[in-house]
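Colleague: What follows is each chain in one-letter form.
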Amino acid sequence: MTNILETRGLTKRFGGLTAVDSVDFSVATGSITSLIGPNGAGKTTFFNTVTGLYTPTSGTIAFAGRSLVGLKPHEVTAAGIGRTFQNIRLFGNMTAVENVMVGMHSRMHANVLGILVHSARVQHEEATARAKAHALLDAVGLPAQRADDLSKNLPYGDQRRLEIARALATDPQLLLLDEPTAGMNPHETAELTQLIRRIRDERAITILLIEHDMKLVMEISESITVLDRGAKIAAGLPKDIRSNEQVIEAYLGRGAASMAHANARNTGEPT
Amino acid sequence: MQIRIRTSMIGAAFGFAIALISGGFAGIFAGLVAGLISGYVVPQAEPLTDKRRAVGQGMIAALVGSVMTILGIVLRNMGIDPIIGEPLNILAVGIAIIGATILCVLVCVVMCVVRTEPPARERIGMAIVVGIILVTYPWLDQFLNLRFMNEVIPVLVFLLMALGLNIVVGYAGLLDLGYAAFFAIGAYAAAMVSSPHFGLSLSFWLAIWVAAATAAIFGLILGSPTLPLRGDYLAIVTLGFGEIVPIAIKNLDKVSLSIWNYPLFVDVDLTGGTKGINPINRPWLPIIGEFSPSNPIPWYFLILGIMLISIFFISRLRNSRLGRAWTALREDELAAGAMGINTVNVKLLAFAIGATFSGLAGAFYGAYISAIFPESFRFDVSVMLLCMVILGGLGNMSGVILGGIIIQFADRLFLPQMSNVVQKLIVASGNESLRDINFASDFRLLLFGLTLVLMMVLRPQGLVPSNGAPRVLPVAAGEARHD
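Listed in order, the protein sequences are those of chains C and S. Heads up, the first sequence is in my numbering, so the first residue is 2 and it goes up one at a time. Heads up, the second sequence is in my numbering, so the first residue is 20 and it goes up one at a time.
It is worth saying that the hints were derived from the structure and are not from the lab. Ideal Cβ positions, reconstructed from N, Cα and C, are used throughout, including at glycine. Just so you know, not all the hints are guaranteed correct.
Some but not every residue of chain S turned toward chain C, in silico, with C-beta under 10 Å [stated by the list, open to error]: (1) E170; (2) L336; (3) G359; (4) N361; (5) K443; (6) V446; (7) G468.
Below, in silico cross-link-like pairs of lysine to aspartate or glutamate (EDC-like), each with a Cα-Cα straight-line distance of 16 Å or less [unchecked claim]: (8) S:K70 x S:D160; (9) S:K70 x S:E141; (10) S:K273 x S:D288; (11) C:K73 x S:E352; (12) C:K153 x S:D69; (13) C:K216 x C:D241.
Have a look at the derived ranges for each label pair, beta carbon to beta carbon [what the hints assert, rightly or not]: (14) S:S277 x C:T58: 26 to 34 Å; (15) C:K73 x S:S417: 52 to 60 Å; (16) C:V118 x S:L304: 22 to 30 Å; (17) C:P144 x S:F462: 40 to 48 Å; (18) C:H188 x S:V363: 41 to 49 Å.
Bound-form chain C, shown alone (with noise of 0.2 Å):
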């Protein structure tokens, strides 16, 4: 199996704070992958650097075989890695519609030119815009009347919903989600779950995940990285994650490892 994303010693320093220490990281292409780690690991500003948001103090990126490093955000998202924030960064006062629709920009060609003329070509890009928006606003289970509510006046939950509906508008081939059940219920998680695994089955976009909520990363994770303090701890198979010792220490504290453990083996759960 090919990686879609890999990186290579991959570091962020803000002053004296490394916030990403030299990681190596790999996405295998078509997979759910989740990055886990204790608050303050770095996983956010790891997926900020691989998006643009930071340049990288060293190591490499690369996506799809070409290097990302030095790439502004929205190069990074014509490249086909779209993304969702851990506080959510809707456009408030748009419409959901028009939430959805931002995100095709770079998908959409019409020019000053074109729009003023409002030539054949524009209004048909603008019409098949505004279909498809509405097709992934229904694939994410927005309600339809809510379509043309302001996205500030949602409900968080749909809110969330939203936010993954305009990241897939930016037609990625890599689905960035952070933290995308923080808040939620766990209904709400459950339905969540199995619309991020319908994402990866029915449009084959390789999800890369963090989250805190072990019962959905040990339930829908192929694969799993742990970080902390910036670093790689761990990487492999959820039941491996689950007993690794490293993972355990940084979540519970030192000396914690040997109970969870015990406790792991008769619940099946990693705390």
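Could you slot chain S onto chain C? The hints should help.
Modeller: Coordinates of chain S only, in the frame set by chain C:
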């Protein structure tokens, strides 16, 4: 019922103010305005469903509007005029009162009925009502002896600029405090090529394109250093540009350039310095001939045409890939970038396209007064434009137009007329110590400042907020988002 009366008071206040300040037959015009605004505002407070109810509602709203207008007419003619020594003509007052009432009721009912139509037909209906008023205005002005015509034209010039500024501030969320610079650049570009200054003397119809293109290029040039800046910092830099441009223009009257001691040109007068450029060619059209300064009607239709075309194109931009990108940029620049928007290009396009409309306005303005001076483009022009945009509602064209009309109306018509009346009242009162008060010039900036403060405190989304408009100025929004 209560809401209806309260909302129609907006129209009524306009009618009252116009009738009180301008007096006489202007009262009929005041009735028209009161009816128009009341008829527009009332169905917003309480959606109208069937036509018969709409007629009833329109009548009630119009009643409020016309009573206030009549009160204005009576106060002016029976109260103020005798004091300041104007003759009283009972017949004219009677005609004005009847005319104001009929027009107010008629227009208000028509507006209310139009607004019960389904959205698509409502738009067409509104366009027809507004179109009729705009087209017949010059004759209405003559018939009612309003003498507003020479002020209405600059008002339209400023509205055109406000629409351009709205692209930059309202759509893209880039607070530009030096927007008048592009007005100056457009005006000077047109003046240089369309006057005997350099002996070029191109036709106005060519010069206006030169002005638009030059303003757009300067939009790019002045926009590019501001790209990494946000909120307050952007405002400070644009404020600087707004100050630099008129000063530069004032000092570009003796330009010398040499390369390695070879003088390319010496002491060239680029801009005419403080004297400005004068005269500038006026437009010429078959049948009408050259537009004359004494007949404002062709000028009125020319600037009205430019404005309508601009509105048409701006709304196309607004509802396009680019318009959405602007809004996304305003809402969340970081997320916009992550969604594939090239924020640099989109910002520069906002500056350039916004400047283009200012350039058009500048070219027209120069030709209209046939002279330009650096003094015409000072900071207060930028501030006034910003007031116009904020009062009506950031990011919403109909709001900007309404806000613009109110501010301009207050500045150009209301204040001078009011000043006149106040002056005469002071003279009539015989109080010598108050003689030196000049209402218009003394209170002008105070009123702008007061408007801005009151709007920001009471209604930051503007008079006519669009559902897609930002609720606050970009500065405040930018601060809230810094995380």
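Colleague: Indicate, hint by hint, whether the structure satisfies it.
Modeller: Status of the hints after comparison with the structure:
The beta carbon of E170 (chain S) comes no nearer than 32 Å to any beta carbon in chain C, farther than 10 Å, and the hint placing it at the interface is violated. Residue-level restraint check for L336 (chain S) holds (minimum Cβ-Cβ distance to chain C is 6 Å; threshold 10 Å). Here the hint on G359 (chain S) is kept, as its CB sits about 3 Å from the closest CB of chain C, short of 10 Å. Taken as an interface hint, N361 (chain S) checks out: its beta carbon lies about 5 Å from the nearest beta carbon of chain C, inside 10 Å.
For the restraint placing K443 (chain S) at the interface with chain C, the shortest Cβ-Cβ distance is roughly 49 Å, beyond the 10 Å limit, so the hint is violated. About 52 Å separates the beta-carbon of V446 (chain S) from the nearest beta-carbon of chain C, more than 10 Å, and the hint is not met. Interface restraint check: G468 (chain S) against chain C, minimum CB-CB distance 28 Å, threshold 10 Å, status violated. A distance of roughly 32 Å separates the Cα atoms of K70 (chain S) and D160 (chain S); the hinted pair therefore is violated under the 16 Å criterion.
A threshold of 16 Å between alpha carbons decides the hint, and for K70 (chain S) with E141 (chain S) the separation of about 13 Å falls inside it, so the pair holds. Note on K273 (chain S) and D288 (chain S): the hinted pairing holds, with a Cα-Cα distance of about 5 Å set against a maximum of 16 Å. For a cut-off of 16 Å, the pair hint linking K73 (chain C) to E352 (chain S) stands: about 13 Å separates their Cα positions. At roughly 33 Å between alpha-carbon atoms, K153 (chain C) and D69 (chain S) are farther apart than 16 Å, so this suggested pair is violated.
For the hint linking K216 (chain C) to D241 (chain C), the alpha-carbon distance of about 15 Å falls within 16 Å, and the restraint holds. Separated by about 48 Å at the C-beta atoms, S277 (chain S) and T58 (chain C) break the suggested range of 26 to 34 Å. The hinted window of 52 to 60 Å between K73 (chain C) and S417 (chain S) is violated, with their beta carbons roughly 36 Å apart. In this structure, V118 (chain C) and L304 (chain S) meet the distance hint of 22 to 30 Å, their C-beta atoms being roughly 25 Å apart.
The given range of 40 to 48 Å is broken by P144 (chain C) and F462 (chain S), whose C-beta atoms sit roughly 54 Å from each other. Remark: the range hint 41 to 49 Å for H188 (chain C) to V363 (chain S) is upheld by a beta-carbon distance near 43 Å.
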